[in-house]
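> Below are the chains, spelled out letter by letter.
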Amino acid sequence: MTGTRPVAALAPLEYRYGLDAAMSLLAPDDASAFQPLVLCNVPALADEVRQRLPHATAPGPLLAAPGRVARSTEAARGAGAVRAALWIEPLAATWEADLKTLAGSVQPGGRLVVIASQPLALLLGARSRRGNPRSWGQGAGLPAGARIGGISVLLRRLASAGFRLEARYGLHSAPAIAANLLDRGLERWGRPDLGDRLHFWARLHYCVPGLMAGMSTVALVVANKVVR
Amino acid sequence: MIVPASPKAGVARRQGQALPLASSQAGATVAASVARLDAWLETMRTGAAGAAQAEPRGYGGPVAHWWQQSLLYTGAGLDWRYEGIITGYLHLWKRTQDARWLTKARRAGDDLVSGQLENGNFTGSAFEINPATAGTPHEAACDAGLLQLAMELRRTGHSGWESYASCAERNLRSFYIGQLWNPEDLMIGDHPWRQSVPVTFVPNKAATACEALFLMAELSGESRWVEEYALPTLRRIQEHQVRGREPAGGRGRSSRGERLRGAIAQNSIGTRRINKYFPLYNARCIPALLQGYRWTGDEGYAESALGAMEFVARFAQADGSLPTVVYPGARASTSPSWVAPLGDILRAADELAPLGLSADLSATEARLLGGQDESGGFQTARGFADQVGRGRTASRAQALPDVRDVLHVAGWCDKAFRYLASHAGSQIPAGLSAPFETDCTLRGRTMHLVETPDLLEIASQGAVCYRWVKGEPWPQIASPEFWLR
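Heads up: the sequence lines are chains L and S, in that order. Under my numbering, the residue at position 24 of the first sequence is numbered 24, and the numbers go up by one with no gaps. Under my numbering, the residue at position 428 of the second sequence is numbered 428, and the numbers go up by one with no gaps.
The hints are simulated quantities; they were obtained by calculation from the structure and are not laboratory data. You may find that some hints are simply not true.
[As the list claims (entries may be wrong)] Only part of the chain S face toward chain L is listed, based on derived beta-carbon distances under 8 Å:
(1) R45
(2) V113
(3) L117
(4) T123
[Unchecked claim] Each pair of labels, with its calculated beta carbon distance range:
(5) R194/S <-> V227/L: 51 to 61 Å
(6) L432/S <-> L182/L: 45 to 55 Å
(7) S159/S <-> R188/L: 51 to 61 Å
(8) A366/S <-> W189/L: 31 to 41 Å
(9) R243/S <-> P43/L: 45 to 55 Å
(10) A8/L <-> T103/S: 33 to 43 Å
(11) L182/L <-> G160/S: 50 to 60 Å
We put the beta carbon where it would ideally sit given N, CA and C, even for glycine.
All chains should be modelled from the sequences, with the hints used to inform the complete structure.
Quick look at the structure:
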């Protein structure tokens, strides 16, 4: 059901930010037909997906998160079965096979949104080396995008799999991180008024497009399946 | 010493009385405003009634807030909007004896009952953080609404009040007492206390919980809700109040420190006090402090309540606006300056009138009433675009309101609704939500916003950049500007 994840146990903001954006990026004109194929490799994000896609248990080409796409699923069998797909945290060990399945599942003209950790994510929170990124990926390996150059490789392979890149965004950008650090410092130094202004500045620069996207913790990639 | 208000004391007026201006005319004006706001609230209903709901039904729409936004999730939010909606409809019912208002109050209560999870929490209860559950003070505000509904139904001999009472009790027991009550520090914290290190305490949120606890005690006849939980929590709130000069950490001169007398600090994290003072949240502490005064007869609670409102009134400007936050040194930020939320400040002033509050907030009242648009919804604020400071924006964009200013938000409009409903005359005319449009700006881009009963659409340079079909949990179109949190 929508809105069932406790505030005290929410996923890091950048993933929620990406998931919220994906809801509109993938939305069809007819909301009742909104059944994207979902592939989520991070248990910590699975409940976030479920509370945004409450029909996840309904029959059809929707794959309940988490878990890799099984080759025997209806989605995988039915080439071109879905108009939209959401791929959360491709993993280094499995992303090529997953991409092949996704490429076979999304119909021409359909849309794929990818949410992937980037190298900067390994410095922060649950995804850090101290926080053991393997557990973030449920032991299946490091996030593919967290390797140096990982997102670039992924983008190239998306193109060769028949997807045209529409847009790339970085979520929780380096400037926003820096501003938030300074904001806390200003608060401690007795200027919470200036700190708050920096906090709001950081919010405005939380999401960055294009080349700057690499300098952020999470990538949001929007691609459309090419009509041949 | 607290001096009960005399009939001539300032602008004192008891809750439920008509506005102090030419009373019949004012009552009619307010009644018309309430009718239009009711019509707008109807357009914000989302989710169909029925079994096996995957999405909660209730009042939806995007949210603009000081802390962050939720412009993308537009489904129902079972949060503090229900406090004002239920109570507002109960006011109209009591004033008019028209059963349709009671029916609407019950329908709102039914939203909460059907949206309650097995663990007692409500779905989508986190307002600007939605989608999420276990939001504070939101679930306590829902409880307060449910309990007032149950008490009114019981008082008037209607059946079915028990389901609303038990829904609230379940939430209070499992969430507020079971998780948020901190038995070591004797207070209702802001996080499950076993998981919260350091402990976080937010006075205004705790005050909302206290309001619900007082109501629970009144309904059940069990004083322990108050004696064991509410009163110790109220004492914590009082510990966050500026009693004399500005507290340690402030660098203002004493005259500035005096300006903060009575202000209640926003929160504390462990032993660290966050010395920011929000007039709106100070006002939201007042009803609970007054309940403490009425329960115990301890004038300290009433003095705290009066002190908090005197702090708020001290910062009121001639145009009725109030700062969103006042920092140490009495530095005030008016970016943004609330409009619809002013209802909660005016409501708190109403409650203090019998105790002799002499502040004149008529300009604030006029500012609130001036914030209503053709749709019937009330604007949220002025000045969101300047939160970071005046930037190098184009002059036209600079003059325009921010999208978040003109957004009509159910969880803010409920505050206007509750206040105005308590002042409406006994005749409420038919209301209509008409289309509303305005130029506005977001992040330096000039935009045009159109709201109809069915749709909220925002375009820039001829291209739609945001389209929400009312009733849907997500907008069909949302350009990256609207991903803003």
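> Are the hints correct? Go through all of them and say.
Going down the list of hints, with the structure as the test:
1. Interface hint at R45/S: violated, since its Cβ lies 16 Å from the closest Cβ of chain L, which is beyond the 8 Å cut-off.
2. Of the supplied interface hints, the one on V113/S is violated, with its beta-carbon coming no nearer than about 15 Å to a beta-carbon of chain L, more than 8 Å.
3. The beta carbon of L117/S comes within 6 Å of a beta carbon in chain L, closer than 8 Å, and the hint placing it at the interface holds.
4. A distance limit of 8 Å between C-beta atoms decides the matter here; for T123/S the minimum to chain L is near 4 Å, and the interface restraint holds.
5. Between R194/S and V227/L the Cβ separation comes to about 55 Å, which falls inside the hinted range of 51 to 61 Å.
6. Separation of L432/S from L182/L is about 50 Å and conforms to the stated range, judged on CB atoms against 45 to 55 Å.
7. Here the CB-CB span from S159/S to R188/L is close to 57 Å, well matched to the stated 51 to 61 Å.
8. At about 40 Å, the CB distance of A366/S to W189/L agrees with the hint of 31 to 41 Å.
9. The hinted range of 45 to 55 Å is satisfied by R243/S and P43/L, whose Cβ atoms lie roughly 49 Å apart.
10. For the pair A8/L and T103/S, the supplied restraint of 33 to 43 Å holds, since their beta-carbon distance comes to about 36 Å.
11. At about 55 Å, the CB distance of L182/L to G160/S agrees with the hint of 50 to 60 Å.
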